[in-house]
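S.K.: What follows is the residue order along each chain.
Protein chains: 2
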Amino acid sequence: MPLRAVIKAGGSKGVDRDAVADLVAAVARQDEIVLVHGASAETDRIAEAMGVPQEQIASPSGHVSRRTDRRTLEVFAMAALGVENFHYVEKLQQRGIDAVGLSGLSGRLLVAKKKDVRAVKNGKTILLRDDYTGTVEAVNLPLLAQLIGPGRVPVIAPLALSTDNEALNVDGDRVAARIAVAIDADALLILTNVPGLLRDIDDPSSLVAETTLEEAETLAHGRMKKKILAAREALEAGVEEVVIRSATGDPAVRTVIRA
Amino acid sequence: MPLRAVIKAGGSKGVDRDAVADLVAAVARQDEIVLVHGASAETDRIAEAMGVPQEQIASPSGHVSRRTDRRTLEVFAMAALGVENFHYVEKLQQRGIDAVGLSGLSGRLLVAKKKDVRAVKNGKTILLRDDYTGTVEAVNLPLLAQLIGPGRVPVIAPLALSTDNEALNVDGDRVAARIAVAIDADALLILTNVPGLLRDIDDPSSLVAETTLEEAETLAHGRMKKKILAAREALEAGVEEVVIRSATGDPAVRTVIRA
Numbered sequence: 005m006p007l008r009a010v011i012k013a014g015g016s017k018g019v020d021r022d023a024v025a026d027l028v029a030a031v032a033r034q035d036e037i038v039l040v041h042g043a044s045a046e047t048d049r050i051a052e053a054m055g056v057p058q059e060q061i062a063s064p065s066g067h068v069s070r071r072t073d074r075r076t077l078e079v080f081a082m083a084a085l086g087v088e089n090f091h092y093v094e095k096l097q098q099r100g101i102d103a104v105g106l107s108g109l110s111g112r113l114l115v116a117k118k119k120d121v122r123a124v125k126n127g128k129t130i131l132l133r134d135d136y137t138g139t140v141e142a143v144n145l146p147l148l149a150q151l152i153g154p155g156r157v158p159v160i161a162p163l164a165l166s167t168d169n170e171a172l173n174v175d176g177d178r179v180a181a182r183i184a185v186a187i188d189a190d191a192l193l194i195l196t197n198v199p200g201l202l203r204d205i206d207d208p209s210s211l212v213a214e215t216t217l218e219e220a221e222t223l224a225h226g227r228m229k230k231k232i233l234a235a236r237e238a239l240e241a242g243v244e245e246v247v248i249r250s251a252t253g254d255p256a257v258r259t260v261i262r263a
Numbered sequence: 005m006p007l008r009a010v011i012k013a014g015g016s017k018g019v020d021r022d023a024v025a026d027l028v029a030a031v032a033r034q035d036e037i038v039l040v041h042g043a044s045a046e047t048d049r050i051a052e053a054m055g056v057p058q059e060q061i062a063s064p065s066g067h068v069s070r071r072t073d074r075r076t077l078e079v080f081a082m083a084a085l086g087v088e089n090f091h092y093v094e095k096l097q098q099r100g101i102d103a104v105g106l107s108g109l110s111g112r113l114l115v116a117k118k119k120d121v122r123a124v125k126n127g128k129t130i131l132l133r134d135d136y137t138g139t140v141e142a143v144n145l146p147l148l149a150q151l152i153g154p155g156r157v158p159v160i161a162p163l164a165l166s167t168d169n170e171a172l173n174v175d176g177d178r179v180a181a182r183i184a185v186a187i188d189a190d191a192l193l194i195l196t197n198v199p200g201l202l203r204d205i206d207d208p209s210s211l212v213a214e215t216t217l218e219e220a221e222t223l224a225h226g227r228m229k230k231k232i233l234a235a236r237e238a239l240e241a242g243v244e245e246v247v248i249r250s251a252t253g254d255p256a257v258r259t260v261i262r263a
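Chains L and D are the protein sequences, given in the same order. One gets the numbering used here by counting positions in the first sequence from 1 and adding 4 to each. One gets the numbering used here by counting positions in the second sequence from 1 and adding 4 to each.
To be clear, the hints were calculated from the coordinates, so they are not data collected in a lab. Heads up, a few of these hints could be off.
A pair holds if it fits inside one copy or across any two, identical chains being indistinguishable in the list.
[Said to hold, decoys possible] In silico DSSO-like links for lysine-lysine, alpha-carbon gap of 30 Å or less:
no.	residue 1	residue 2
1	K125	K230
2	K17	K119
3	K95	K125
4	K17	K128
5	K17	K118
6	K128	K95
7	K117	K230
8	K95	K117
9	K118	K230
10	K118	K95
11	K95	K119
12	K128	K230
13	K230	K119
14	K229	K125
If we strip away everything but chain L, and leave its shape as in the complex, we get (with noise of 0.2 Å):
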């Protein structure tokens, strides 16, 4: 039987798209996979060139992100759909995999919430309307289950339809936990820029091979803290395991989370 897994690449500077592709492309003749991919590099790129100005706004809690008015949105759309989505599907194409590219905006693939986002600014908290981000909430089963099968693979760009059918920014490796979720995946494997969860951030030998929910929640920084998020959310509704790795290098470098 085909084991069933969502692969998310991130879309950070130093994740290598011909070694995501070749390992999907690895598995994905005989597994069933979707592969969702992040778009921040490209974002910063063509935000710098198109002259939109990128702002990083620091939450109430002190999360910092990408304030994405709608212009940043259609900078995203541009990064995500047209550089990152384009590029996987014609490198799996190469490969031998049907791929097929889509955002969550098309049938609906991802519905999500828009997110009240809340920024401090000179010590006051605003809420951000124009801020075009939000949480998956539904994925269309039935649409994404048409594409999945061994040497077939859907390509996921993380944007969503709100429930105004506005689009939406929604982050890369929630979805790939929430569609896991969705196709009852055997599990979640991050690929990053980072080998995977290290004991101390300043010493890349203290590398945590196999580690709990609990104590991956205590050890992660920074944007970590996002992918153990959604490993939660992945574990809790029923996913086996989450691996956490560099795209590149030996897969046994890696953590892996259990519940």
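Fit chain D to the supplied structure of chain L, relying on the hints for placement.
M.R.: Frame of chain L, contents of chain D only:
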């Protein structure tokens, strides 16, 4: 019985996406519609912002077109998938139509033969080896058919996969014609930024309301020639009529071409 039609929305300046989406949504509630779009104005805009020089080439027969090296192909993908396709899918979803956006690479929807592009430079004809344009030879009808139906519209970006699995830029009008033939469409509607075919190119009042393919070929100049070539491909393969008109304005102002 629902009608079947392919609607092609031009990518030139002056084609109003909201007007296109209004028109598509109005007919797609009862009829079976495929939307194909261009991306030329967005390609120019992004190429300029990203500093990718654009070159026009003249064929030995005098036809002028965009030089599509790999960098320009990638800009075209950003424009077609990341801007035009994204906006059309969002606008159709906002109008209650369940749009699914795809490029021709996805699911090998469009397979094309790479063109031997010959260009005249300083009086000499040369073969451009790194030109990524093609002519569609096959449409994946089973995939497309899954996405067509009342209230559902596939939105197709004119990129295809070559027989060597490279991405190619393909002409949107001719893609629309090939898809019209593949789905056995009743009509092909080409929405552009001019009201139709003019008997005298300098006299807007000389619009030809109805004509034959033969007459249309004698009247077409410049970019209109490609549309008439697409019309020929559609009509010769059994599509009943090809309509060329502006996306905005009175729908009765148009040119209807029949075999």
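S.K.: Next step is simple, just say for each hint if it's right about the structure.
M.R.: Okay, the hints, checked on the actual structure:
1. K125 to K230: Classified as within; 23 Å inside a copy, 55 Å across copies.
2. K17 to K119: This pair counts as within: shortest intra-copy Cα distance 26 Å, inter-copy 35 Å.
3. K95 to K125: neither (43 Å within a copy, 34 Å between copies)
4. K17 to K128: neither (33 Å within a copy, 44 Å between copies)
5. K17 to K118: Answer is within: at 27 Å inside a copy they meet the 30 Å cutoff, but 32 Å across does not.
6. K128 to K95: For K128 and K95, neither the intra-copy (47 Å) nor the inter-copy (36 Å) Cα distance is at most 30 Å.
7. K117 to K230: within (18 Å within a copy, 44 Å between copies)
8. K95 to K117: between (32 Å within a copy, 18 Å between copies)
9. K118 to K230: Answer is within; shortest intra-copy Cα gap is 18 Å, inter-copy 44 Å.
10. K118 to K95: between (33 Å within a copy, 18 Å between copies)
11. K95 to K119: between (34 Å within a copy, 21 Å between copies)
12. K128 to K230: Classified as within; 25 Å inside a copy, 58 Å across copies.
13. K230 to K119: Within one copy only: 15 Å inside, 46 Å across.
14. K229 to K125: Close inside one copy (23 Å), not across copies (57 Å); limit 30 Å.
When held up to the earlier numbered hints, the structure conflicts with 3, 4, 6 and fits the remainder.
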